[in-house]
Every structure is written in structure tokens, then in C-alpha cells.
Amino acid sequence: MVSSKKLEELSHEELLATTRRLLAEADALSSRIAAVNEISVAINETLDLDTILKVVAKQAKWLMDFDYCSICLHRDEKWVLIPLFGEKESSDIELLETENIGQVLKYKHPKLIRDGNESKLLSAYKSQIILPLSASGLLLGTINFGAKDSQKYTQDDMRIGYMLSLQISSALRNAQIVQQLNLTQDELKLRIEDLDAYNYTIAHDLKSPLSNILLTTQIIGMKFADELPEKGKSSLASIERSTLQMNEMIDRLLWLAKIRKFEDAMESVEVKPMLTAVYHRISTLIEKDNIKLIIDEDLPGVIAHPQWLEEVFANLLSNAIKYIGEDNESPEIRVKAKKEGEMIRYEVVDNGIGIKEEDQKTLFEMFSRVKGVKAEGTGLGLSIVSRIIKRMNGEFGVKSEYGKGSTFWFKLVCNVSSNVSSEEGQQGHEQKNSTGD
Amino acid sequence: MNKKTALVIDDDKELAQAFKVVLEMDDFEVTTLNDSQQAISEIKRLEPQIITLDVDMPYVSGIDILQDIQADESLNGMKVIMITASAQVNDHQSVIDRADLVLMKPVTLQQVRNFVTRISKTEP
Numbered sequence: 001m002v003s004s005k006k007l008e009e010l011s012h013e014e015l016l017a018t019t020r021r022l023l024a025e026a027d028a029l030s031s032r033i034a035a036v037n038e039i040s041v042a043i044n045e046t047l048d049l050d051t052i053l054k055v056v057a058k059q060a061k062w063l064m065d066f067d068y069c070s071i072c073l074h075r076d077e078k079w080v081l082i083p084l085f086g087e088k089e090s091s092d093i094e095l096l097e098t099e100n101i102g103q104v105l106k107y108k109h110p111k112l113i114r115d116g117n118e119s120k121l122l123s124a125y126k127s128q129i130i131l132p133l134s135a136s137g138l139l140l141g142t143i144n145f146g147a148k149d150s151q152k153y154t155q156d157d158m159r160i161g162y163m164l165s166l167q168i169s170s171a172l173r174n175a176q177i178v179q180q181l182n183l184t185q186d187e188l189k190l191r192i193e194d195l196d197a198y199n200y201t202i203a204h205d206l207k208s209p210l211s212n213i214l215l216t217t218q219i220i221g222m223k224f225a226d227e228l229p230e231k232g233k234s235s236l237a238s239i240e241r242s243t244l245q246m247n248e249m250i251d252r253l254l255w256l257a258k259i260r261k262f263e264d265a266m267e268s269v270e271v272k273p274m275l276t277a278v279y280h281r282i283s284t285l286i287e288k289d290n291i292k293l294i295i296d297e298d299l300p301g302v303i304a305h306p307q308w309l310e311e312v313f314a315n316l317l318s319n320a321i322k323y324i325g326e327d328n329e330s331p332e333i334r335v336k337a338k339k340e341g342e343m344i345r346y347e348v349v350d351n352g353i354g355i356k357e358e359d360q361k362t363l364f365e366m367f368s369r370v371k372g373v374k375a376e377g378t379g380l381g382l383s384i385v386s387r388i389i390k391r392m393n394g395e396f397g398v399k400s401e402y403g404k405g406s407t408f409w410f411k412l413v414c415n416v417s418s419n420v421s422s423e424e425g426q427q428g429h430e431q432k433n434s435t436g437d
Numbered sequence: 438m439n440k441k442t443a444l445v446i447d448d449d450k451e452l453a454q455a456f457k458v459v460l461e462m463d464d465f466e467v468t469t470l471n472d473s474q475q476a477i478s479e480i481k482r483l484e485p486q487i488i489t490l491d492v493d494m495p496y497v498s499g500i501d502i503l504q505d506i507q508a509d510e511s512l513n514g515m516k517v518i519m520i521t522a523s524a525q526v527n528d529h530q531s532v533i534d535r536a537d538l539v540l541m542k543p544v545t546l547q548q549v550r551n552f553v554t555r556i557s558k559t560e561p
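These protein sequences, in sequence, are chains B and L.
Mind the numbering: the first sequence is residues 1 to 437 in my numbering, read in order.
Mind the numbering: the second sequence is residues 438 to 561 in my numbering, read in order.
Don't read these hints as lab results, they were simulated from the structure.
A few of these clues could be false.
To be verified - The calculated BS3-like cross-link candidates involving lysine-lysine, where the alpha carbons are at most 25 Å apart (straight line), are: (1) B/223 with L/450; (2) L/457 with B/223; (3) B/233 with L/457.
Said to hold, decoys possible - Derived DEER-like restraints, expressed as beta-carbon distance ranges: (4) B/191 with L/496: 46 to 54 Å; (5) L/534 with B/268: 21 to 29 Å; (6) L/475 with B/356: 57 to 65 Å; (7) L/534 with B/248: 19 to 27 Å.
Computed from a predicted structure; not experimentally measured.
Each residue gets a CB set at the ideal place from its N, CA and C atoms; glycine is no exception.
Okay, chain L solo, but in the shape it has when bound (with noise of 0.2 Å):
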């Protein structure tokens, strides 16, 4: 069986750490990326199963990022987990809602376990 990869992107060290933490709990092997400039040559070079994503990030948005991966049909059948800092409408909501999952942080352990779960069980 292929090891489960997953890639977390977040400016924040300490939190992309913490996901990285939990992920692994459900054996995924997990890089983190806090340069969201590398973002998209990170993924194709990865091709992660699921991807944590923040939405405020500098120089490249996590919405940025969202919009190339879907644009991208190479890229199609990753999971992608939109975090974003609070539950106000944000001027993108639209895209943000296109991802697989969106979480507010503060995220608990449970949200991502929960998600990790459901889409393993879907997995062929």
C-alpha cells in the first residue's frame, strides 16, 4: 500500500507543526511549507492526498493557491482543507467554499480526525 502523503501550508510554523502533529496520528507521511510562494511546485512535486491550506497568507493567498490547484486538472483529485481565521464572509468566500473542507480556526483536533476519516473511507 502507498504511504499517505499530505502537505500543510501555513505561513505560521508553530500551527503548520501542530497540523503535521495531527495528521501523522492517522499515519500520513506530512511535509509543511511555510513559503506559500513554493506552493504550487511543492504540490506537483508531492502530489499530496490532502492539503491544509491558510487563507491569509503573504505574497500568495491560500485563495490564490485554491484557484491554480483547481485550475489544474493534474491536480484534480487532492483534498484540499481551506483554514481560515474567522467566520466573517471573507471577499472570496466563493472560492473558498469550492474546497473539500473549510475550517475556522481555532481547528480542533477532532475537525481535521473527523475529515481524514470520512475521505479515507471514500478512497479507493
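With the rest of the complex left out, here is chain B (with noise of 0.2 Å):
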């Protein structure tokens, strides 16, 4: 034999042998390490366990040249064999019981059997590698190889399915990850529309007590008209307004519970309808005031929520009438759009009181409203505009110079017929809305 004697006596053909032989076994070993390479590219490019099987089923056979493959993993509280290749080993067998899988998932050492073994697991391989699958110290289970043939592994095969379990464990631990997340976010999911349901019964049931003390407060101003001293008749004008105060606050908790809930109901909306309703809705402020209220006559069609727009624009009127300022002279609110590449843009332009430039960053905020100005409403109407626009995928903003008006803005996308352009002059600080849900 060549290998029995000292390179130094070797004759030139012998050495030439010896050298092609070594030459041969390197290319060998470092393509199988190039395919180990090609499989842990090809499984973490997916995180889906079953994606990452049938990539390791596939593509290691011929790396390790076997009859039976099968990965072992931690599944309901106990460990189970998923086959990758070969027959289908018995289910009832207890993994942690066997010779050759359950020593190496309690000691997490790996295995080489070249001559079979007495385990009832596997028992038609002679020729097995079992090897632990962990990652982060965190046990994974067991990739396991098996050859019908005897002393068909060697070490160098254990060497390359060492490589080959460290690749796998790694791309297991991210698919379990974010397995883990789904089912986390999933729940989390669930537990907020429990949430919202349950704010939503408690809002809504709030109203019939609501409605009580407001009408019973109505009966006593009319009955006891003639008795009722002027101190007593102020308080219950006092109870009243807190009372319709406090509806008007139901009413958002109410719209804010069911927000989360309209992502399926998205249609293409025609603006200029909806805007007569609006009117309808607010006209008895507009005139009270004495308002010009200019809506332009091209107003292209977005998709969107259909109801929940129009409490959008409901909500951007009433703010622009409260704050108009008392003594303003020639009060104006104007409602113009204009096309913007894919979307529309939406302004409601007033001529009232304007907002500071430090008050603009808290203005979508829950309960925000701006300081030192005498205007009813509970603070909730920006903050709702800003969910419901956000969650019909567009964008909400004002730009507002304090004394001059504010103008608030908000962008969807367009309904496929609209086409529409319109000047706009840029003044005044902008502010978009950033605040997160």
C-alpha cells in the first residue's frame, strides 16, 4: 500500500498517484461544500418550514447519498419524525427512547453508525449520521441520514452534515420565529377587536342615560318655566350643554371603535353628493355665522369609504365654522380639490383664526385643541380625521398661518374617470400629519 509508507520513500509514480488521489478527494470534498453553500443560500431565502423540507428533501440527497431522510422536530409537546425522503418510520415509537435519535437529542452530540445498531428506529440502515439541530442554545431536533449499505459514512460525510445541520438550524429558528410573530400579531389582532367591541357596547349603551338626563332636564326647563328662579333655569341650560357635550364625545368613541373595521367597504366615491349632505348637516351653523361657504364645481371622485368620507368632510367643515373667529368680517370657507399624479388632493380653506406653528404638531392628537381660543367640541374630530384617512390609505396635513386661516388637506386616490387641475398658492407653515395610531 502507497499510504503505509513515508512520502519521502515514495518512487515519482508513486507520488504522482498519491497526489492525483489527493487532488480528487479535495475537488470531491469542495463541491459537496459548495452544495452545502447552494442549499443554505436557497433555504434562508424563505422563511416556511415546509419550503425549507423540501429544499433540504431535494437537494441533500445528493450531497449525502442516502436511502432515508428525515428531520426530527419538537411538534404539540413531543418530538415527531417529518420524513424527507425514503419510507415512513412507525409513529408509535418513543423518539427519546431510541438508541440512535433520542442519545443524540439528550446528549445533543452527533452520531455515526457504520454498522447498524439495536435501536427499532431505523433499524433497515446500516449506515446512519444523525445530527442535533439547535440554534441560539436552543434544541431544534435531529437531521437524520440513513444508508441501506454498511460503513458507507465516513468521518468526512459527518463533517459535511455537521455543516449542512448548522445551515438548516439556523433557517428553522427564523421560520419558527416568525411563525411565532404570526400567531403573536393574530392574537394581538383578535384581542384589539375585542377591544373595539367592547368600547363600541359601552358607547352605544352609554346613550339611553345620556338621552334620559337630557330630556328630563328639557322637561323640568318647560314644566316649571314660571316657577323656576333664573339661577335654577342657567343650571339646567349648564346641564344641558355638558349633556350634549358628552354625546358629541360618545359619538367619536362611537366612529373611533368602528374605524379599525372598514378596510373591505372601499368604493369609488362621487365627492359632489356627498357634499350636499354635508351641507344638510352643518347648514344651520354656516348661517348662523353668516359664512360664504364656495364649494368649486370640479371635484373628482376618490376611492373610499363612502360614509366615513363624508364624516371626514363633515369633521373639516365644522372645525373650519368653529374656529371662523367672532370678529371675523367676511367669514369664508372653501372646499377645492386638485389631481396630483395617482391622487386627489382635498383642501377645506379658511379665512378664520388660523393655528400657531407650535400648536400644529399636537393638532392630531386625541383631546388636542388649539389654546386660548373659545370654540365648543371635545378635541376628538382631528384626531378621528386623521385614522379614518389613514386607514383609507391617503395622507392628511394643514398648513395654517396663525390670524390668516388654515387650510386642511387630505390626499386619496383617485376613481379611475376623475381628471381635474387647480391653482394653489403655497403659503403659511405646513404640517403633516405623522402621528402614529
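These two chains come separately, so use the hints to put the complex back together.
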């Protein structure tokens, strides 16, 4: 045998033969390492467990030349064997009790079997390589290769298998983490839905007692109009105002609770008839304050949830009315639109009191109100508008100059047939809504 | 002249009582009913001119009752005021809209009295 001699003792031909053999072995090994890398790239491209297993089953065959391949994983509180290639093993065997896979799971050391063993599991395979799969100190399971012939696997095969097992472990761990995250996310969604439903029910149920307070207050005011002193009448009026204010808050809570649910109901919406409906809702206020309301002719349609879009317009217009300013000599509110690429930008422009730059930042937060201004309302309005627009895949913002007026704008995706353009002046500070949910 | 009668159907006892007082201001003889399961039998027994009907009630909803009233020809002359909790569109909005008047909570005294005055004028 050539290998029993020292290199110095070899003849020229023997040296050449040895060199050729070593080169061939190195070449084979490098091909196998390249194959491990290829498998590694492929299984790390996905975060889906089944895809990972499919790739392993398909590509590792050449690498390990097995008659059988499986992966042992922990599922539903126990270790299970997932066959990737070859016959399915009996599922009755308790894996932890086996002499091959059980030992590897217990001691987390790879096992090379060259000529059969006494384990009932994989008894048809004389040669076996069983490698632990672990990542971040966590045992995930084992990968198992089997060949029917004895003496099939060498230490080199074991090393290649080990390299492969490291890659599979990390891919499996990533897939597991993603799976857990998805589960957590689903659970969170369910909890949020529960909370919304709860909020909705509470807000909804508050309406009856509130109705009773209002009605009874008004009954007292009317029935005892002659007997009540002025102080009593003014107290009743105060109760009535607070009740209506509370009603407004409850209404907004009802809206908020329902906002999350409307993504499925997005459709092409014509804005003009919608604004007519909104006008009817606010006409009393408009007339009371003698406000000139200009609604442009060219109002392109958008993709939106009709009911919620109406609420957006109603909110923005009542807001503009609220902040129009008590000593405004020619109060004016204008609604206009223009096309910006695929989006339509709607603007509600007023010549009211405007908003100071520092106040613009908190404008879209819940319960925020412009300081030092006498205006009714709970401050929930703009936070609702902001949420609604965001849920309709749009953008919402304000530009305003203190003392000169405000422009509240939003952008929504244009419905197909719209086409419009208009001029607009860019004045004042612009504050784009960036508040989170 | 026959006595004017009204039936207030609301599971909230206090609110039902408030409606009663409001309708009594316009000389109605008012019965309140908190258990909606007896609604149809009470409506048939009392034959009121006006019914105020809460939309959301346990067991039998105001929507079911309104549908029963409208399906029964003998009850056709009755005026129904539906009381809903919010402005948000209900799944049964088309049914609710068939009532003679739909009021949103909180209902004001004036809203009820305006309606009563209006139907009193049109009644023979």
C-alpha cells in the first residue's frame, strides 16, 4: 500500500498517484462544500418551514447519498419524525427512548453509525448519521440520514452533514420565530377587535341614560318655567350643554371603535352629492355665523369608504366653522380639489383664526384643542379624521398661518375617470400628519 | 273626542318614563313597556296612535317589532318613532328608514313635540 510508506520513500509514480488521489478528494470535498452553500442560500431565502424541508429533501440527496432522510422536530409537546426521503417510520415509537435519535436529542452530540445498531427505529439502515439541530442555544431537533449498506459514511460525511445541519438549524429557527410572530400578531388583532367591540358597546349603552338626562332636564325647564328662578334655569341650561358635549364625545368614541373595520368597504365615491349631504348637516351653523361657503364645481371622485369620507368632510367643515373667529368680518370657507398624480388632493380652506406653528404639531392628537380659543368641541375630531384618512390609504395635513386662516388637506386615491387641476397658493407653515395609531 | 294614546317601548325604564312625561304634555295617555317580548300583544291590545320604539333591545329588537307592525294591516295607521343610539348606519337601515320618524339619541323634547304636533294636524 502506498499509504503505509513515508512520503520520502515513495517513487516518482507513487507520488504522482498520491497527489492525483488527494486532488480528486479535495475536488470532491470542495464540490460538496459548494453544495452545502447552495442549500444554505436556498433555505435562507424562505421563512416557511415546509419550503425549507422541501429544499433539503431535494438538494441534500446528492450531498449525502442517502436511502433515507428525515427531520425530527418538537411539535405539540413531543418529538415527531418528519420523513423527507425514503420509507415512513412507525409513529408509535417514543423517539426519546431510541438508541440513535433519542441519544442525540439527549446529549446534543452527533452520532455516526457504521454497521447497524439495536434501535428499533431506522433498523433497515446499517449506516446512519444523526445530527442535532440547534440555534441560539435551543435544541430544535435532529436531521437523520440513513443508508442500507454498512460502512457507507465516513468522518468526512459527518463533517459535511454537520455543516449542513448548522445551516438548516438557523433557517428553521428563523421560520419558527416568524411563525410565532404571526401567531402573536393574530392574537393581538383579535384582542384589538375585542377591545373595539367592548368600547363600542359601552359607548352605545351610554346613550340611553344620556338621553334621559337631556330629556328630563328639558322637561323640568318646560314644566316649571314659571316657577324656576333665573339661577335654576341657567343651571338647567348648563346641564343641557354638558349633556350635548358628552354626547359628542360618545359619538366620536363610537366612530373610533368602528374605524378599524372598514378596509373591505372601499369603493369609488362621488364627492359632489356627498358634500350636499354634509351641507345639510351643518347649514344651521353656516347660516348662524353668516359664513360664505364656496364649494368648487370640479370635485373628482376618490376611492374611499363613503360613510367615513362624509364624516371627514363634516369634521373638517365644522372645524373650520368653529375656528372662523368671532370678529371675522367676511368669514369664508372654500372646498376645492386638484389632481396630484394618482391622488386627489382635497382642501378645506378658511380665513379663520389660524393655528400657531407650535400648536400644529399636536393638532392630530386625541383631545388636543387650539389653546386660547373659545370654541365648542371635545378635540377628538381631527384625531378621527387623521385615522380615517390613514385607513383609507391617504394622507392628511394642515397648513396654517396664525391670524390668516387654515387649510386642512387630504389626499386619496383618484377613482378612474377623474381629471382635474387647479391653482393654489402655498402659504404659511405646513404640518403633515405623522401621528401613529 | 277619543283619548289620544301612545305606547313607549324601551328597555331603559328611566328613558321610557321621560318619553311618557313628554307625550303626556301633549295630552296623550301613555303606557310604557320595558319587555319587548310583549310588544306586539300590547300594541294590538292598546291600539295606540303613536309608538316610540327603541332599536336596540334584548330578546326582540325594535327592528323586528317594526317589521311585525308593518306586516300587519290592522296596525297600519299607527305612527312609529324609531329611537336609535347613533348616527352610524345600522345593518338594518332600510327597515329603520320605513318608520314615520327616526330620532337619534339623545332625543330632545322639541323633536318629539314637533312630530306630535305635525301628526295631530294631519290626523282627521
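Now the hints, each set against the structure:
For the given pair, residue 223 of chain B sits about 21 Å from residue 450 of chain L by alpha-carbon distance, which is consistent with the 25 Å threshold. Straight-line distance between C-alpha atoms of residue 457 of chain L and residue 223 of chain B comes to about 14 Å, which keeps the hinted pair within the 25 Å bound. As the CA atoms of residue 233 of chain B and residue 457 of chain L are separated by approximately 23 Å, the hinted pair is consistent with the 25 Å bound. About 29 Å separates the C-beta atoms of residue 191 of chain B and residue 496 of chain L, a value inconsistent with the hinted range of 46 to 54 Å.
At roughly 24 Å, the beta carbons of residue 534 of chain L and residue 268 of chain B sit within the given window of 21 to 29 Å. Distance hint check for residue 475 of chain L and residue 356 of chain B: the Cβ-Cβ separation is about 60 Å, which falls inside the suggested range of 57 to 65 Å. For residue 534 of chain L and residue 248 of chain B, the hinted distance range of 19 to 27 Å is satisfied, since their beta carbons lie about 24 Å from each other.
In the structure shown, a violation is registered for the earlier hint numbered 4 alone.
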